[in-house]
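A.B. asks: Chains as they are written, first to last, in this note's numbering: chain A, 1 to 313; chain B, 1 to 276.
A few of these clues could be false.
As a list, the in silico DSSO-like pairs of lysine-lysine whose alpha-carbon atoms are at most 30 Å apart [unchecked claim]:
1. A:K7 x B:K150
2. A:K232 x B:K150
3. A:K232 x A:K129
It should be emphasised that the hints constitute simulated quantities derived from the structure, not laboratory data.
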Amino acid sequence: MSFAAKKLITLIITLFIVSLLAFLAFQIIPGDPTTDLLGTEASQEARAALRAELGLDRPALVRYWDWLTSFLTGDMGESYNYRLPVSGLLGEKLVITGVLALMSFLFTIALSIPLGILAGSVRSPALDKLVAALDQVVMSVPPFFVGILVCYLFGTVLRVFVPGDFVSYTQDWGAFLSYLVLPALSMALPRVAMTVKMLRGSILSQLGEDYVRTARSRGLTRWAVLRRHVLKNALLPVITFLAVSAAEIMTSSIVIEQVFTIPGVGRLLLSSISNRDFPVVQAIVVILAAWIVAVNFVADLLYQAADPRIRLR
Amino acid sequence: MAELLSVRDLRVRFHRAAPGRCAVDGVSFSLEEGEILGLVGESGSGKTVTAMAVSGLLPRRQTEASGSVTLAGRELLHCTEAQLRAVQGSELAVVFQEPMTSLDPVRRIGPQVEESLRAHTRLSAGERRQRALEAMAQAELPDPEALCRKYPHELSGGMLQRVMIAAAIVSRPKLLLADEPTTALDVTIQAQILALLKKLNRETHMAILFISHDLHVVRKLCRRVAVMRRGRIVETDTAEALFRAPREDYTRQLIAAIPTRDRRLLPEEPGEEASL
Numbered sequence: 001m002s003f004a005a006k007k008l009i010t011l012i013i014t015l016f017i018v019s020l021l022a023f024l025a026f027q028i029i030p031g032d033p034t035t036d037l038l039g040t041e042a043s044q045e046a047r048a049a050l051r052a053e054l055g056l057d058r059p060a061l062v063r064y065w066d067w068l069t070s071f072l073t074g075d076m077g078e079s080y081n082y083r084l085p086v087s088g089l090l091g092e093k094l095v096i097t098g099v100l101a102l103m104s105f106l107f108t109i110a111l112s113i114p115l116g117i118l119a120g121s122v123r124s125p126a127l128d129k130l131v132a133a134l135d136q137v138v139m140s141v142p143p144f145f146v147g148i149l150v151c152y153l154f155g156t157v158l159r160v161f162v163p164g165d166f167v168s169y170t171q172d173w174g175a176f177l178s179y180l181v182l183p184a185l186s187m188a189l190p191r192v193a194m195t196v197k198m199l200r201g202s203i204l205s206q207l208g209e210d211y212v213r214t215a216r217s218r219g220l221t222r223w224a225v226l227r228r229h230v231l232k233n234a235l236l237p238v239i240t241f242l243a244v245s246a247a248e249i250m251t252s253s254i255v256i257e258q259v260f261t262i263p264g265v266g267r268l269l270l271s272s273i274s275n276r277d278f279p280v281v282q283a284i285v286v287i288l289a290a291w292i293v294a295v296n297f298v299a300d301l302l303y304q305a306a307d308p309r310i311r312l313r
Numbered sequence: 001m002a003e004l005l006s007v008r009d010l011r012v013r014f015h016r017a018a019p020g021r022c023a024v025d026g027v028s029f030s031l032e033e034g035e036i037l038g039l040v041g042e043s044g045s046g047k048t049v050t051a052m053a054v055s056g057l058l059p060r061r062q063t064e065a066s067g068s069v070t071l072a073g074r075e076l077l078h079c080t081e082a083q084l085r086a087v088q089g090s091e092l093a094v095v096f097q098e099p100m101t102s103l104d105p106v107r108r109i110g111p112q113v114e115e116s117l118r119a120h121t122r123l124s125a126g127e128r129r130q131r132a133l134e135a136m137a138q139a140e141l142p143d144p145e146a147l148c149r150k151y152p153h154e155l156s157g158g159m160l161q162r163v164m165i166a167a168a169i170v171s172r173p174k175l176l177l178a179d180e181p182t183t184a185l186d187v188t189i190q191a192q193i194l195a196l197l198k199k200l201n202r203e204t205h206m207a208i209l210f211i212s213h214d215l216h217v218v219r220k221l222c223r224r225v226a227v228m229r230r231g232r233i234v235e236t237d238t239a240e241a242l243f244r245a246p247r248e249d250y251t252r253q254l255i256a257a258i259p260t261r262d263r264r265l266l267p268e269e270p271g272e273e274a275s276l
């Protein structure tokens, strides 16, 4: 069986398990969607009527089965809270969060790879110490705190950014993208620090390899040795690391959306959890899981393309 | 014949070594055009450090070197990095001990064989390719065209060492420095590589500085042999004279260490004890 087919089966199994777990979690946690919809003062009859309307009076497994069969046909159900189809509710928010995550990932790559190469190739004890110190600080600060600092610096001190002044892409793509720059950077920074540290270590260890000595014996300049031989070898472990990053960026955007008041998937997820809006949560969880599995699949393919010694089966 | 390589009073000290302890301590020798010189000695005798100094691969920040190394009249020990690079891979090529790790694992064989030409000539891609194929044929590699597209991990150690030799001779160097090129290989492959080096020396008039701990191997290949011990050359003579009448005790010990048919390390006849 081909590698892609195997991965596809893994994807299906993973999504099934994740959706089942999310469903079960909802059975266990206290709280009831009807409380949120009708308030604590509602009568028992009104609640029972609503439960029947939402289909909550049926056994849990039957409800899961219903959800699963309709999800497979492309119907993600209807939000309890908004009484709207989940697909319509998610559409715009998925684009917002997707663009935010993509932007953050591109920032991570665009900043960390040149910086990592610089840190790995310039031999200077002072620079080494600076990189190590910066790495420690930036890595240990969580993205939401970076976000708060960024909001304060650019919003309150420099006054070039208005937190909360979000414009959706449906109105103005330019304003939408420029609002996302700072949140994307806040998410990217800790990852940049980690990637720089990793790439630097990888380059330094590759420089000690025999093939580097061979390349030098052919009269190549240090830069040519780095560019033609060391870099490709040194980037191999970084590919896997960046893949993990890409997967995590989606989840860390949940937090950063709160800090920058961006109406993306993250905010919808948090409000849906507290409202016990099961169909919405279930859809988001499955989409996030699919994203993570897909990113890992792409990383495997990239890794295979970059390293001829690896043939995935 | 004209002198090609001249090493005069070479001293190399590693900064981290104990004071007064030199890895190479006043080594002088010379090599004529088209000659094969063997440099033998046990581990730690300084032969590899000598080779690194000659090929300009000493880590300059960690070592201090004095004396002189000249190749065709050009000083290599005290020159700029650019001057050194101009010689490395064009007039002087190196073949290392470990063929398995000496090639870049993620690049195909072809570009690696022609790399010296990229660095030193203005040949077109097609011309470089042609030269690489010729060098691979000279190194007796079967089907060079197909081989160019392979990756190092797809080849055996013996094949990889031939690839390394092809990459070394592609720029037609005057001197080939071979640092224990057969040590990591099987005995039969060793003999083939030695025969190949001898053939290349005969056909292209390329001088070879052959470094080995194995006197037996050196004897097969080299006319002249220098014996190193503790950073010094203790004896230099023709291979024949060295074996017939070694002047130094140390050389005698090295010769005695070669296993021969008369002094086998394993018991001669299996089943001798059973007959008792």
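A.B. asks: Indicate, hint by hint, whether the structure satisfies it.
C.D. replies: Right, here's what the structure says about each hint:
With a CA separation close to 28 Å, the supplied pair A:K7 and B:K150 stays within the 30 Å bound. Taken as a hint, the A:K232 and B:K150 pair is honoured in the structure, with Cα atoms around 17 Å apart against an allowance of 30 Å. Among the hinted pairs, A:K232 with A:K129 is consistent with the structure: their alpha-carbon atoms are about 25 Å apart, no more than 30 Å.
Figure legend: structure checked against the earlier numbered hints; every hint is met.
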